[in-house]
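Chemist: Chain residues, written in single-letter form:
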Amino acid sequence: MINDKLPKIWYGGDYNPEQWGPEEWKEDQRMFKLAGIDVATINVFSWALNQPDEDTYDFGWLDETMDRLHKDGVGVVLATSTGAHPAWMAKRHPDVTRVDFYGRKRKFGGRHNSCPNSPTYRKYSRLMAGKLAERYKDHPALLLWHVSNEYGGFCYCDNCAAEFRVWLQKRYGTLDAVNEAWNTRFWGHTFYDWDEIVLPDGLSEEGEGNVSAFQGISLDYRRFMSDSLLECYNIEAEAIREHSKDVPITTNLMGTFPLLNYFDWAKHMDIVSWDNYPSLTTPVSETAMTHDLMRGLKHGAPFMLMEQTPSQQNWQAYNSLKRPGVMRLWSYQAVARGADTVMFFQMRRSKGACEKFHGAVIEHVGHENTRVFREVAQLGEELGRLGDTLLDAVTEAKVGIVYDWENRWAMELSSGPTVELNYVREVHKFYDALFKQGIEADMISAQADFSKYDIVIAPVMYMVKPGFAEKSEAFTAAGGTFITTFFSGIVNETDLVTLGGYPGELRKLLGIWAEEIDALPLGQYNEIVMKQPYGKLTGSYKCEMLFDLIHAEGAEVLAEYGSDFYKGMPALTVNRFGEGKAYYVATSADSDFMEGFLGAVCAEKGVQPLVPELPAGVEVARRVKDGRSFLFVLNHNAESATVRTGDVKRRDLLSGVTVDGAAEVPGRGVLILEEAE
Amino acid sequence: MINDKLPKIWYGGDYNPEQWGPEEWKEDQRMFKLAGIDVATINVFSWALNQPDEDTYDFGWLDETMDRLHKDGVGVVLATSTGAHPAWMAKRHPDVTRVDFYGRKRKFGGRHNSCPNSPTYRKYSRLMAGKLAERYKDHPALLLWHVSNEYGGFCYCDNCAAEFRVWLQKRYGTLDAVNEAWNTRFWGHTFYDWDEIVLPDGLSEEGEGNVSAFQGISLDYRRFMSDSLLECYNIEAEAIREHSKDVPITTNLMGTFPLLNYFDWAKHMDIVSWDNYPSLTTPVSETAMTHDLMRGLKHGAPFMLMEQTPSQQNWQAYNSLKRPGVMRLWSYQAVARGADTVMFFQMRRSKGACEKFHGAVIEHVGHENTRVFREVAQLGEELGRLGDTLLDAVTEAKVGIVYDWENRWAMELSSGPTVELNYVREVHKFYDALFKQGIEADMISAQADFSKYDIVIAPVMYMVKPGFAEKSEAFTAAGGTFITTFFSGIVNETDLVTLGGYPGELRKLLGIWAEEIDALPLGQYNEIVMKQPYGKLTGSYKCEMLFDLIHAEGAEVLAEYGSDFYKGMPALTVNRFGEGKAYYVATSADSDFMEGFLGAVCAEKGVQPLVPELPAGVEVARRVKDGRSFLFVLNHNAESATVRTGDVKRRDLLSGVTVDGAAEVPGRGVLILEEAE
Amino acid sequence: MINDKLPKIWYGGDYNPEQWGPEEWKEDQRMFKLAGIDVATINVFSWALNQPDEDTYDFGWLDETMDRLHKDGVGVVLATSTGAHPAWMAKRHPDVTRVDFYGRKRKFGGRHNSCPNSPTYRKYSRLMAGKLAERYKDHPALLLWHVSNEYGGFCYCDNCAAEFRVWLQKRYGTLDAVNEAWNTRFWGHTFYDWDEIVLPDGLSEEGEGNVSAFQGISLDYRRFMSDSLLECYNIEAEAIREHSKDVPITTNLMGTFPLLNYFDWAKHMDIVSWDNYPSLTTPVSETAMTHDLMRGLKHGAPFMLMEQTPSQQNWQAYNSLKRPGVMRLWSYQAVARGADTVMFFQMRRSKGACEKFHGAVIEHVGHENTRVFREVAQLGEELGRLGDTLLDAVTEAKVGIVYDWENRWAMELSSGPTVELNYVREVHKFYDALFKQGIEADMISAQADFSKYDIVIAPVMYMVKPGFAEKSEAFTAAGGTFITTFFSGIVNETDLVTLGGYPGELRKLLGIWAEEIDALPLGQYNEIVMKQPYGKLTGSYKCEMLFDLIHAEGAEVLAEYGSDFYKGMPALTVNRFGEGKAYYVATSADSDFMEGFLGAVCAEKGVQPLVPELPAGVEVARRVKDGRSFLFVLNHNAESATVRTGDVKRRDLLSGVTVDGAAEVPGRGVLILEEAE
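One line per chain: the protein sequences are A, B and C, in this order.
Counted from 1, the first sequence has number 49 at position 49 by the UniProt record's numbering; the numbering is strictly sequential.
Counted from 1, the second sequence has number 484 at position 484 by the UniProt record's numbering; the numbering is strictly sequential.
Counted from 1, the third sequence has number 270 at position 270 by the UniProt record's numbering; the numbering is strictly sequential.
Among the hints, a few may not be true.
Note: identical chains are not told apart, hence a pair may lie in one copy or across any two.
[Said to hold, decoys possible] Each computed DSS-like pair below joins lysine-lysine, with the alpha-carbon atoms no more than 30 Å apart:
| # | residue 1 | residue 2 |
| --- | --- | --- |
| 1 | Lys351 | Lys471 |
| 2 | Lys91 | Lys105 |
| 3 | Lys170 | Lys649 |
| 4 | Lys298 | Lys267 |
Because the hints were derived from the structure by calculation, they are not lab data.
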């Protein structure tokens, strides 16, 4: 339980009373009650208010807010206010503002605006976090610490350059090791002095869009930036811990946000929290995957849905409204996948600046007679009824999908073979194929323990870090099923190619050799032709983008290419390895293939779907706790759907209705079915 | 009359003899006469020539030019030559060049190149204007002063930043008021010192394409820049007035150019003039609207067509030739809508630099035996025959369409609900629906007196400035018809939302409440379904982009949405308010709806079209003077068209032919029909 | 012969042993032998290795490499290593790095990274070239000097600005002449002091994509940059010549690379060499044209194919594999068109940085059992068998096509009449029409001697430099056929329009006057309607983009426009001029027209195709030497094709088979048919 002061699914969100006055505060109080709001995230952007100059701190407004919320029965997620620095600080200490990709010094403005290696920023953010912790550590409203806000962004200033050199010295020891790791003999880039190393930006090695002349440098810069921002988090977290010993600390993450290695970050966070903002075209299975990834950051521990919009966003191109029922449906999707909170950005809509068209629980009209508020209040009532039933319940997947930020960085920095390779899209193809069949999966790191899984999938495992190949071999030898794809096993952790034939360190496990890699524009297809039926797979399927030209070296060939000069070469292979099997998918396949292939592999391993058959657009997920099992059925269709739930009788926690064998789920409806295990 | 020295429609244009020598001057003289040219705009880009260094002025060439033109019977529009500063000035006084959106100091080059707050630029441009006025104030050729050229562009230098702070102090008085106006509590942007305020550029609050984190700051910066450039105009105008008391002063505007608030500017100009450069795809009704807007800047006073190309442009992607007859047709379009001059850029084509492929009266071939020259000469002959008949004639529209630059800035800076909202396009939809039915409209400012109109349309009136709502209510209460649309009444003049329910200050007048605003990608349609026929409106019409979800609060519902979850909610309402009616169009409708709707509203108010029925592609407009009425019929089709002109007999000023009931207008032909009132 | 030490078609390529160790060197040795490799380009990017600091030079690794290669029978193309400067140099001497288009000082990184006017770069590159020449001038492995690598790129630093002024003083003498040449009276740009002239960049006169306010300035800057880089080449070449008197010197060019005037460069090079990297969509006839252009740089002398990929590239969007047979086919295409070497980038694939996914003879797998290596080895064996048979053989075309870099620069800088005009595409349309009919062409400069040709084609000869018109007239008067097109004869060498009617200086020769130029978006067509059949031309053909509205002034009209207001005006004319004819194609015609038109013109002049009839996708070319004639037949189709080769019996050099009248050429197959003359 995040904090036993509030033993239920937390319900509330970002709240900025400092933008308002007593009249609105009174209305907030009344409407929070109507909506069942029991938690508020405050102080996110109040640095300038808390500290009007170098030496003055003024927490009067915050004292009052904390007290008022407590009196109203609303707990507090207390942010440290360091998400954007004050204007006076930028004016007096230019080191706090960033330098951009083209070497331009930024001025005061926006957010994500502090250089992570700025001495001033580090000094004052540490001080602020410490003062807040000291002051509020025992406040009865306090539920959780929320450090800064949505960390992200790069800086290219001289302080960062100097710290990068220190970071490199720590990582590599000698300049020779750096030259070796980056292969600097290429293009005569040998460094003879640490000071010759400059940051890889638009004036040195890089171009916009992850284009780099030296992948090794650019990759290390990304590691360094993720580490630098994490240090900022740690500085504040440590300052808090000096005073507040037990209240958990988090910061809000952003799903598959590319710039930060969240697996590293999660080690330093007490609980993972994240902000869920799907766009108009995000598939629901991608949102599900991202929830699972956030759950995976701390090995399956429940997480917090820190932000979502109750209605619409403002920063998309087209900010469509969440259709009636969708906010509730997506809230339960989060809970189904491990969230123990349902929180919004934000409680009351701002009246000025760039987020004034972002939806809120309390809209500009200011009263409760809105569709949005009614839906919020209905959900609040339901969550109140659910109490602590679901808290700390976990997921028990037998399939693990590897997701690795460093692999993503390296792959997206790659010059060739194609500009179209998108890591998230390729991982999602595997996830989606399981999702549609109601098969549970965990999203796991490349460093994860594989032994708890029956099947481990590592899509496009371009970078193989030390120990990964050995671990995968051991897992497979012990009976596991390992799956990987084209463009895997290519480089080591510094982006140097593993010589001797692709897929490098994974070659033995997979029993193949990839001689060449063809790349074609999207829309130019080859075919995967099955040699004989495998599960439901039979006949031929479309594939595109990249095509490994592989030779079986011990592996069995399950399918071949159907055309072009590599017609007849293997497109899908399986290698028996010890007690297990290792599959290689040599190209980017269509969704029919993916579904058939993963269905067959799961069947082979006895990994069962959660329900016998799943209508299109219906999602299932399960959380388990103290021997109780909760099956979530989420109908993402506008129309109702009939879902066969199997032989066990179950009871819907929300409606109390008993389901026997099949349930009719209304359009955008949700069931939480408890079964006897 | 602009200047009674030349009591006819002026005919001529930009003339740069300083690029040529005596041989060409002689030819110019001969060919001007052949073409009926009687006015030349000179000295537009001769600063470097007039002032070769800090202290030297040399107007010898200009004396000669003025005298020569006068001798040849050509009047002079005398520009002040400050449209581009000299190279020596940029070299010696770097403050004259601008700093761009990314903080980069510009070097010498291009035009629009002077910082509007540069002390050097202001000093030398004032001196230049004064010297010219002193020298030529009594020159017999002088007809008009033309200050600088096509003002525009932004600067982000330190001088501008300092002046911005002064401007803010004047506007807001206190820093508290600034913080309040900009809602700086959002993202902790509170300013404690004026010097903390920086310009909103690509290094602070903005991104390219009107993207801003703080709309209030960006909006004020746009106001400040418009004011700064206007100050540059005023500095020169005042320097001229010290010497030249009566000759009118103008500068050439650019239609719907986004950066300058021309309604403000026009207050300081003696006559409005503008440069008309439609692109290959500009609808003729948009050009007509822009002429009407230019006429509206000074409440209906005649204006000058200062520039148009006789043949083709050079800076479009595809510079197609004006087809035979089109130059004449579009010249009369300007006159029909209030222009008392027809002028070209330019008289003789340059032989070098970027405008050498811009059309001219005298082409590179140098003689008169060209299609372009023949068409120019024919028009010159006609304008000579028209004499002063049309001068000072006015338009008597009963429909006013509000066009507001500040509203446009605020709306286009908005983050959400859609990136597709284009102010000019939405205004034009209304204009076009009237245009196609031959109904006259004035383009008016938000500050205009509404009482002379029967119908006032304020499309997408996102920003409601002080007094606007009261004025609209009074207008409607007194029997007027007021029309506005979705996304209106949202913010006040500093872009702060009017709380309590959209459309804010307009809510009472309209009798509705807009609870939510849906946004969908272009091409995803809903339908406007009429509850019963209204005028010709019946059945259903397509609508897209933004969809206000409104509730009638007293208003009558004329049409509803046809699909999606807001099917059945109002899409078109009318509210009886005092003696009048207020209509609300809740979404962006198709052109069939627009035409039917405005046709019905006009019929209801007894606003008559100029002709009983208008064939597609034919434009009508009317100017009235001393009890005489001139009906312009402009056939934009390549083929001839028959236009019914009603029961009155009329005479075509151009051909002398009498029209009785109907006229056959040749392809691209023009009639100017005088009727007895 | 390039160097009589190696009297055969050289076979090898770029080799970077400094990126590897003894183990790989040994394998290289073994595999070079297997593949018939006899030449290696080394030391291309080893500056940092050769010179670790200001004063230290260390050629130990190079001594060993040279000796080892020699021992193994591999000759050396010795690069000077100055293609990218060392990191220490950038650190200690910032003048070596460039300033970019927006005035941003670049840091160390990438390649093409040295300012061409940097005193430091010039000093150290001269020293390096001299030291290398002194050390290796007599090394038995040395075959050729290779200065720097793929020169290119612009710099906008202060050193360049200062040198630009010196360059201008040399070119123009006086500032008055500069002002005149650039027409600076336009926009008041008159310069009164040399120091007022700034480089035309994104902060002064230019915008991205060849957009300029002053074409004359921008054009001279391009000339200056081409000259500045050429000076860098000359500095090194002269330093080499001080020691190495006879070994030829080259640098690798890049085909139609836009930035350098290669006709100027070739005058200073002993032999032309170039890097051939067609993209996925480059037509084979464009590659052929580029080979012919490279051959044309030194008036038909054999050239070197310095780089091509054996398999795939890495820097295209989609790096597809060369299909089986294609590498061999394209290698022979180079030979067919004049190459006396077949060389690859690169011998062994790098294991790190941005080119690690660029194909190589020795792939990452490291052994010879790859498709790529087998194809390389097969070709190596064939080239060995061919010996010196083809060396120094030349081409005997009777058609010359003018290609002019300055014309391209000026045309692409032009503002108007269309953004779509692409010089290479227009030239290629003519080349392709000949290519498809098996008619040989030379690509020649505007300064070339026309007298050896029967037909000279100068497509879109926008800029007519001094002497060109006179030469073209003399050529035609003497019986030649001259062909040019729309948008020709417009400006002189400083981009000033030739007044008095287009096509200016070419008007007399062509017997026409182009009164206007219409421009329409691509996809909007007019038609070329033949007045009577001409050769196979009959009926009507599509044309687009630009449309000259011409009048025949003595010329005969062969075809007219089919629509729009210029229907019936001439679209194709021919003017009898002395003993010859001058054709004018007034618009951009479709490929059917082009083929028919050039077929007819060639037939008229008795210019014969190499074979009686050519199947689609089959290329023919001929080289001639010592009375022997070699007809290359290259089948670019995947399927076999039958080619009629005429009455003479011929023998295929590759297979030894005799061909009598017709040959079946396999898919992607090659014949080299020797005939008795």
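Chemist: Indicate, hint by hint, whether the structure satisfies it.
Modeler: Do the hints match the structure? See the list:
no.: 1; hint: Lys351 to Lys471; verdict: between (54 Å within a copy, 25 Å between copies)
no.: 2; hint: Lys91 to Lys105; verdict: both (13 Å within a copy, 21 Å between copies)
no.: 3; hint: Lys170 to Lys649; verdict: neither (59 Å within a copy, 74 Å between copies)
no.: 4; hint: Lys298 to Lys267; verdict: within (7 Å within a copy, 66 Å between copies)
The structure shown violates just one earlier hint, number 3.
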